[in-house]
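Student: Please take these sequences and the hints and turn them into a complete structure.
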Amino acid sequence: MAETTRSAGTAAPARTRRARGAKAPRRETHAAAGAAAAAAATDAATLVGYYRQMLLVRRFEERAARAYTEAKIGGYCHLNLGEEATVVGLMAALRPSDYLFTNYREHGYALAKGIGADRVMAELYGRSTGVSKGWGGSMHLFDAESRLLGGYGIVGGQVPLAAGAALAVSYKGGDEVVMCQMGDGTTAIGAFHESLNIAGLWDLPVVFVVINNGLGMGTTVEHSSAEPELYRRGAAYRMESARVDGTDVVAVRDAARTAVERARSESKPYLLETVSPRLKGHSVVDPARYRSKEEKEALKAADPLARMALELEEAGILTHDERDRLDADVTAEIDAAAAFADASPMPDVSTLFDYTYATPVPGDSRRLPADPVFRS
Amino acid sequence: MATVTYRQALRDTLRAEMLRDENVFLMGEEIGLFEGSYKITEGLLKEFGPKRVRDTPIAEEGFVGAAIGAAMLGLRPVVELMTINFSLLALDQIVNHAAKIYGMFGGQASVPMVIRTPGGGGQQLGATHSQNVELFYSFIPGLKVVAPSTPAEASAMLKAAIRDDDPVLFLENLALYNTRGELPADVADIEPAEIGRAAVTRPGTDITIIGYSRMARVAAEVAETLAAEGVSAEVVDLRSLRPLDRATVVESVRRTGCAVVAEDDWLTYGIGAEIAATIQEGAFDWLDAPVRRVAMAEVPLPYAKSLETAALPSAASLLTAVRDTLRATGRPVLETAR
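Top to bottom, those sequences are chains A and B.
Just so you know, we're using the numbering used here here: the first sequence kicks off at 1065 and counts up by one.
Just so you know, we're using the numbering used here here: the second sequence kicks off at 24 and counts up by one.
In short, the hints are calculated from the structure, not lab data.
Among these hints, one or two may not hold up.
[To be verified] Straight-line alpha carbon distances no greater than 25 Å define the calculated PhoX-like cross-link-like pairs of lysine-lysine that follow:
id: 1; chain 1: A; residue 1: Lys1344; chain 2: A; residue 2: Lys1357
id: 2; chain 1: A; residue 1: Lys1236; chain 2: A; residue 2: Lys1332
id: 3; chain 1: B; residue 1: Lys74; chain 2: B; residue 2: Lys62
id: 4; chain 1: B; residue 1: Lys74; chain 2: A; residue 2: Lys1332
id: 5; chain 1: A; residue 1: Lys1360; chain 2: A; residue 2: Lys1344
id: 6; chain 1: B; residue 1: Lys328; chain 2: A; residue 2: Lys1236
id: 7; chain 1: B; residue 1: Lys69; chain 2: A; residue 2: Lys1236
id: 8; chain 1: A; residue 1: Lys1344; chain 2: A; residue 2: Lys1136
id: 9; chain 1: A; residue 1: Lys1364; chain 2: A; residue 2: Lys1344
Nothing here was measured: the structure is a model prediction, and the numbers come from that model.
Tutor: This is the structure in structure tokens:
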């Protein structure tokens, strides 16, 4: 069971303020206790599978950071480091036919939704073999087949879109669910509130997931949200909501399953908040100087991957040696992905005008900067 | 053929498209029970029900974004924004999302959505409710912006917009809703227009007047007045602001040797600036006089009738600019027109 709230009739919660920065998640929540029980019911192979996926996300992101410093990747590059359990747990709750919208911190989601690391890495490298053919980059991963309907670079931009996708599902009488991932900072923007209101009004099968890593770039949740317990914002829309420990993959999966099930069977929206640390800066180029040395030390203790490794070892599910073999296997996969990206061609300049319009237009402008408007 | 208002043409076309394709549905503020602020959706809720005629809360960013998301999954939403002024609240969704999704993801998802919205001043609605900001959208690759001026064009263009796989901003005008024109008795018989084509709506030899939406109508009126004075004015109705049919404009000016652009927006950086630049690049050697622009005075549009009337472009102001331009050509043949 996750910590949940219903809107009507709920007494105003006592204001709890977390310490500055992304401290270790609130393990005292009901979610953590529930997770332990659920973990016992989750078979060993499944747990190892989750661990492998988390490791894949971790090694992918580390490789992306390296490639960025080597100037193989341009633009912005936001990593899921510290959010591996959240990413894998959320995706484990979805069916392949379910839709996913995310923000710009989405490499891990693409991998966990089933897209090959090679095509994701190739997109980061700006190659034509990338998921978005090199048009999107790190922030704009999209794959119609696996139903990742976009990473979006504008904070809050994906939230109304997800509500609309859920409207389309409901319009067509489908049983898919739409999941909409966003960061904690998004809960302050108008699009978030308009979308939750609309989803509530129209009974849309959408699960809004707020990834609370404590920081919107360098600004803490406490400095940007009058209600820092973000899941409570659901109450304003009579939307069921919950907060869960985002460093516990099984707890996240189970909380997400509850939300997804409610969306699927009752066509009701849900607001889920996951709490996990952002291990590094906002993006690859951010050294996170706004964090104290103590905070940075504390982050290491909150690392979900290290924690799961320890738990699996203690439970006799995965030995140290097995873990090393898994790591070598995953690292080889990432090496291959990076090699694939590196060897892939950049999009040909002749394709520059191919994606302005889906329905061709007469006299389409195919003018390069120095070209005249009229060729005589 | 029947004579109908622009309003009726829109309403009948929406209905015909909804009957033709069940993926077409309407969204907007007050379009259902209230039947539309300007009654474009009159009777449609009763006929199609709330699933297809969806009243929205006052949340332009939210429901325009929702329409985009629904379009990504193959529906064809037609959104009504009460006025183009309110589209500013949805600017992020229109510019950063509707216009970008097809390109940004390498052509994997299109956004077959229409946003219908009226611009226009002259109703004493004051500064925030009388703007013509179609330029904002015409500036953006990935969007299409159409601005029909007659009931028949409105119908043909609305059909094209609904069937198009790209996001289309369909610009209406408060002053056009009650204007009349010929339409086939059954709107189902109307052929969809081709988006991106301007039309020479009145051929002429002495001067080209270029307009769109309400000002195309004013241009036609002015051409009629000029004809009585022995001046043959050619009228080009842009119909589509993006894509812009530069060829039709330039070909016309090459025939007439001079041009005036009539626009309802502000002059500086406005639609007319783009048309004038197009003409100088495409018809420089054919020009006998500088290109003139007739546009709204550069003020927040005032409420008081005297001030509002003075600020808005009109047939009289267009006529003045046309006469000045003809005079500037120095053509003797036009002496009689003075």
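Student: Compare the structure with the hints numbered earlier in the document and write down the numbers of the violated ones, lowest to highest.
Tutor: 6
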